[in-house]
Amino acid sequence: MPQAVMAGCTQRCQQGLLKFFQCVRRLISGTLSKDKLDDELEMTMVCHRPEGLEQLEAQTNFNKRELQVLYRGFKNECPSGVVNEETFKHIYAQFFPHGDASTYAHYLFNAFDSAHNGSIKFEDFVMGLSILLRGSVREKLQWTFNLYDINRDGYINKEEMTEIVRAIYDMMGKYTYPALRGDVPQQHVEKMDRNKDGVVTLEEFILACQEDENMMRSLQLFENVI
Amino acid sequence: MAAGVATWLPFARAAAVGWLPLAKKSMPKPPVDKKSRNDEILFVNVSGLRFQTWKNTLDRYPDTLLGSSEKEFFYNEDTQEYFFDRDPEMFRHILNFYRTGKLHYPRHECIQAFDEELAFYGIVPEIIGDCCMEEYRDRKKENQERLAEDTEAEMASDIPLPPDSTSRERLWRAFENPHTSTMALVFYYVTGFFIAVSVIANVVETVPCRPPKGSVKDLPCGEKYSLAFFCMDTACVLIFTFEYLMRLFAAPSRCKFMRSVMSVIDVVAIMPYYIGLVMPENEDVSGAFVTLRVFRVFRIFKFSRHSQGLRILGYTLKSCASELGFLLFSLTMAIIIFATVMYYAEKGTKGTNFTSIPASFWYTIVTMTTLGYGDMVPNTIAGKIFGSICSLSGVLVIALPVPVIVSNFSRIYHQNQRADKMRAQQKVRLARIRLAKKGTTNAFLQYKEDGGLQDRDSDSTALCVKNRSSFEHQHHHLLHCLEKTTNHEFTDELTYSEVCMTESVGYRTSRSTSLSSQQGLSSSCCPRRPKRRAIRLANSTVSVSRGSVQELDMLHVQKVAHQRLSVCASSRSSLNARSEDLKLNCDDRDFTAAIISIPTPPANTPDESLPPSPAVPGILRNSRSGSFTHETVKISSL
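The listed protein sequences derive, respectively, from chains A and B.
If you're matching positions, the first sequence starts at 1 in this note's numbering and goes up one per residue.
If you're matching positions, the second sequence starts at 1 in this note's numbering and goes up one per residue.
Just so you know, these hints were derived from the structure itself, not from any lab.
Incorrect hints may have been included.
[As the list claims (entries may be wrong)] Result set (DSS-like, lysine-lysine): computed pairs, CA atoms no more than 27 angstroms apart in a straight line:
| no. | chain 1 | residue 1 | chain 2 | residue 2 |
| --- | --- | --- | --- | --- |
| 1 | B | LYS71 | A | LYS191 |
| 2 | A | LYS75 | B | LYS140 |
| 3 | A | LYS196 | B | LYS24 |
| 4 | B | LYS71 | A | LYS64 |
| 5 | B | LYS224 | B | LYS213 |
| 6 | A | LYS75 | B | LYS55 |
| 7 | B | LYS141 | B | LYS484 |
| 8 | B | LYS427 | B | LYS437 |
| 9 | B | LYS24 | B | LYS484 |
| 10 | B | LYS25 | A | LYS19 |
| 11 | A | LYS196 | B | LYS347 |
| 12 | B | LYS347 | A | LYS174 |
| 13 | B | LYS102 | B | LYS140 |
| 14 | B | LYS318 | B | LYS347 |
| 15 | B | LYS224 | A | LYS89 |
| 16 | B | LYS55 | B | LYS71 |
| 17 | B | LYS55 | A | LYS64 |
| 18 | A | LYS75 | B | LYS256 |
Could you put the whole structure together from the sequences, leaning on the hints where they help?
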């Protein structure tokens with residue numbers, strides 16, 4: 001469209017002329033034009049304060065002292081009160097130096113970020129921990145289902161499961177014994193899919209996990225983490 | 001590992017619940033934390049310094065940490081105090097803010113530390129009082145600039161390219177960073193040499209040479225040896241044209257490249273030659289042709305690609321453009337004023353040189369810059385007075401902007417020095433970081449080796465295992481859970497490469513000797529994945545092609561055999577008495593190749609290419625015989 005091109009051209013010419021005049025003016029008056037950088041000094045100090053201690057105690061399964069300990073650690077790491085994904089990935093990578101933990105950290109971040117706004121506040125953090133450590137078996141399994149359901153549509157299909165498994169295997173790194181191959185185990189979805197419709201719903205997931213005795217036993221182990 | 005990360009460990013462990021549905025085995029028992037979980041109680045407020053203040057004082061600013069309910073998280077009921085584990089010196093300033101309403105910036109403190117304290121206590125830095133605001137702003141800007149350059153220098157193009165870059169990207173990289181490859185370096189020096197040759201030829205061809213026989217007048221060398229100079233010129237221009245076309249082809253954005261300064265210089269350097277070729281030998285245009293030859297001297301600017309100092313100079317001039325512009329403008333004003341005055345002062349004199357105002361410009365310029373050629377001098381007294389005023393003011397006007405330009409140059413020069421230093425130290429820093437990382441990974445392997453994953457209730461746990469901190473125990477437990485989830489174990493680079501070698505060795509021997517289970521030694525422990533992996537593997541010790549394995553075979557076979565024999569003897573005994581003789585010295589680390597055992601897989605002919613069978617050979621370890629259920633087959637004839 002020649003008109004659009006012409007319009008863009010005139011606009012550019014106008015901007016060029018404007019800049020030229022500004023240049024001449026600066027030459028004559030001799031002022032330095034570095035002041036506008038000051039406006040860009042970030043005013044983006046997002047500071048978030050959590051709800052009161054009593055409210056959090058009522059909403060979660062922790063007592064006051066545990067919440068205090070948790071908050072102190074959280075605040076020390078993130079004085080602004082929120083964790084963003086980059087920091088999260090960096091922290092998680094420190095625990096798994098052998099491999100690449102960023103994909104799994106990404107899924108984990110999404111699972112904790114209940115409001116899906118790209119940052120985890122202290123409330124999200126503590127609610128997640130409360131479910132994982134002090135919740136009922138059903139709540140824990142529901143949380144895990146949410147973790148696996150990447151696109152939050154209520155079903156886990158084969159691709160999502162493969163993604164998660166691959167993310168976990170990535171954390172192992174290269175130097176493993178026996179050596180890792182390119183393919184990852186595929187049998188999880190088939191095992192859990194009761195009505196063979198290709199996807200796993202929440203109920204199927206919970207049923208399949210409850211029948212797995214190993215898993216039920218292992219669930220109890222993480223309760224005294226804090 | 002950083003201490004701050006320890007606070008996130010419970011969270012990472014809790015999130016391990018997410019692995020449970022996929023785990024192939026049940027999780028190991030977590031370590032029992034015998035230490036009581038009470039917080040340490042200190043009878044102080046801020047790291048030892050006790051402050052006291054009214055509650056109303058703090059309530060004045062309810063949107064900060066101390067003024068809101070957030071401080072309840074830091075309340076210690078036992079001592080009835082709020083305890084903050086922060087810098088007590090800085091806290092003094094924070095508290096003064098509540099008391100007086102004005103926040104001051106302590107000049108001797110690091111700007112970043114101060115900013116962090118403000119962020120922690122939830123105070124916006126804009127409230128800093130006017131007395132300290134300017135200092136704060138300046139230091140903050142300086143710090144930010146420095147950080148920006150540092151990150152820029154880090155992300156600078158010394159990072160190796162991803163292996164799947166096109167040839168065009170590689171070519172561009174070679175042009176921008178000549179020290180990345182030898183070819184690029186050679187090309188860089190060759191072009192530099194030809195620039196120098198071209199400039200010298202330009203200069204020498206005007207020097208008068210001895211005249212040829214039969215002539216008296218001196219001839220410039222260019223006309224005497226015109227053919228030689230023409231050939232040299234042609235060669236240089238060909239090289240420059242080739243370089244320019246290559247750069248144009250490789251540039252990621254051709255429009256942007258064509259508008260850049262260096263490209264314009266390149267074009268200006270080679271165009272006169274082509275125009276000269278095209279133009280006919282005409283009397284009228286030969287004058288213009290001569291002018292064009294002047295532009296050949298701009299080839300000297302091509303050196304700025306080769307010389308960093310030139311680039312710094314150019315960049316300084318660009319950044320001081322406003323000062324230089326102001327200088328020029330004020331000089332022009334002064335020149336016009338003084339030229340007018342001198343013209344009218346000298347108007348009366350007979351035979352004067354000051355014939356017009358523009359003619360007086362020359363006098364004014366020469367006088368203001370204190371050159372004083374003396375070709376134009378005033379004769380009248382008024383003229384002489386104004387001439388002296390002119391020269392005095394010239395000195396002042398020119399001297400003023402010079403310090404600004406000098407300081408700019410100094411700043412940019414130091415920035416460049418810092419960038420170079422950073423790049424030089426980068427390699428050392430990366431190496432040290434890699435070493436520290438390796439330490440962490442080795443810690444876990446050492447832990448496994450020391451039997452730390454055993455049931456720790458038995459008395460025989462090695463002392464060194466018991467003495468590890470609870471953080472390490474928990475972290476190792478987490479890594480162990482991951483191993484159980486994926487049914488693979490962590491090893492170090494050495495073992496991994498040895499496993500690869502032994503598998504290839506074992507493969508060969510299994511072919512030669514008649515082994516009962518001929519199937520199952522899958523020959524690809526170093527899987528042939530897409531290119532990415534291949535390049536990473538090339539850096540490790542396992543850069544073994546099938547052909548060159550033979551020589552390594554010999555050395556390695558002996559090594560493996562020796563180890564196998566030495567471990568065999570001890571392993572048999574230790575298999576029987578598993579729980580008793582866990583070593584107390586935890587430095588022994590030969591858990592490399594023991595007996596190669598082959599599980600019973602489905603029948604599968606060993607293939608050179610990647611077989612899809614999941615059969616994997618297992619290596620027996622001393623302390624964990626129960627985990628792998630397989631039959632052991634000794635490979636005898638070596």
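Outcome of the hint check:
1. LYS71(B) to LYS191(A): Violated. LYS71(B) to LYS191(A) sits at ~50 angstroms, over the 27 angstroms cutoff.
2. LYS75(A) to LYS140(B): Roughly 23 angstroms between the alpha carbons, so the hint for LYS75(A) and LYS140(B) holds.
3. LYS196(A) to LYS24(B): Satisfied, since the Cα-Cα distance of roughly 22 angstroms is no more than 27 angstroms.
4. LYS71(B) to LYS64(A): holds (13 angstroms)
5. LYS224(B) to LYS213(B): OK: LYS224(B) and LYS213(B) at ~11 angstroms, within 27 angstroms.
6. LYS75(A) to LYS55(B): holds (23 angstroms)
7. LYS141(B) to LYS484(B): Given that 27 angstroms is the threshold and the Cα spacing comes to 50 angstroms, the pair is violated.
8. LYS427(B) to LYS437(B): Judged against 27 angstroms, a Cα distance of about 15 angstroms means the pair holds.
9. LYS24(B) to LYS484(B): The given pair, whose Cα atoms are some 7 angstroms apart, holds under the 27 angstroms limit.
10. LYS25(B) to LYS19(A): Violated: LYS25(B) and LYS19(A) sit about 69 angstroms apart, past 27 angstroms.
11. LYS196(A) to LYS347(B): violated (110 angstroms)
12. LYS347(B) to LYS174(A): Violated, at roughly 91 angstroms.
13. LYS102(B) to LYS140(B): holds (19 angstroms)
14. LYS318(B) to LYS347(B): violated (42 angstroms)
15. LYS224(B) to LYS89(A): Violated, at about 73 angstroms.
16. LYS55(B) to LYS71(B): Holds, at roughly 12 angstroms.
17. LYS55(B) to LYS64(A): holds (22 angstroms)
18. LYS75(A) to LYS256(B): violated (46 angstroms)
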